[in-house]
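Hey, can you work out the whole structure from these sequences and the hints?
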Amino acid sequence: MLTQIEWWGGVIFVLGALTYRMVMGALERPVGGFPWYRLMMHVFFLAPAALLAGYFYPLTQPALQYGYLALLAISLLVVAVMLVQEMTGDSGPGEDEGGDKEKEKGKGGEAAEADEDEEPGWLMSVVGAIVLYSPVLTACGLACTKAWPMVQSLT
Numbered sequence: 004m005l006t007q008i009e010w011w012g013g014v015i016f017v018l019g020a021l022t023y024r025m026v027m028g029a030l031e032r033p034v035g036g037f038p039w040y041r042l043m044m045h046v047f048f049l050a051p052a053a054l055l056a057g058y059f060y061p062l063t064q065p066a067l068q069y070g071y072l073a074l075l076a077i078s079l080l081v082v083a084v085m086l087v088q089e090m091t092g093d094s095g096p097g098e099d100e101g102g103d104k105e106k107e108k109g110k111g112g113e114a115a116e117a118d119e120d121e122e123p124g125w126l127m128s129v130v131g132a133i134v135l136y137s138p139v140l141t142a143c144g145l146a147c148t149k150a151w152p153m154v155q156s157l158t
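All letters in the sequence shown, in the order written, are residues 4 to 158 by this note's numbering.
Just so you know, the hints here were simulated from the structure itself, not pulled from any lab data. Even for Gly, the Cβ is constructed at its ideal location relative to N, Cα and C.
Simulated DEER-style distance windows between Cβ atoms:
(1) A56 / L135: 20 to 26 Å
(2) G36 / G144: 31 to 37 Å
(3) V26 / G144: 16 to 22 Å
(4) A20 / S128: 21 to 27 Å
(5) I133 / A29: 14 to 20 Å
(6) G35 / M153: 39 to 45 Å
(7) Y60 / P38: 31 to 37 Å
(8) G92 / T148: 30 to 36 Å
(9) A73 / V130: 28 to 34 Å
(10) G35 / S137: 30 to 36 Å
(11) Y69 / G13: 24 to 30 Å
(12) P33 / V84: 14 to 20 Å
Set out below in structure tokens:
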């Protein structure tokens, strides 16, 4: 029988996998150049998944503890970068899609298009990002609670 934390950890893992699949499916593959944004999104979802998996195991060897702390640092850095990008509106490729809409506006649909072009407010963007990325944020929070005693023992 699973304990309550193991059960909720499994739920978080499944929700994280579904969110990962949904976000990565929505991203377009760049035609030329290196896909930096896709790489960042992979790290954004997979590093906290590894942290969540490590949360349920005792990390008794110092090498495992240092590896866990390093992965936590990388994960927190990438989460901070991606959330800042999300809040500032610099969220990767595909954001310059307004050119086609400008051509369609001249055909008489200006009033209907005005409602569709409205950006959600800053608060709604924050709420949407928190809901969408809640599995990642939860995994990072759990990893921080596990890592704190490790950090305490280092000093």
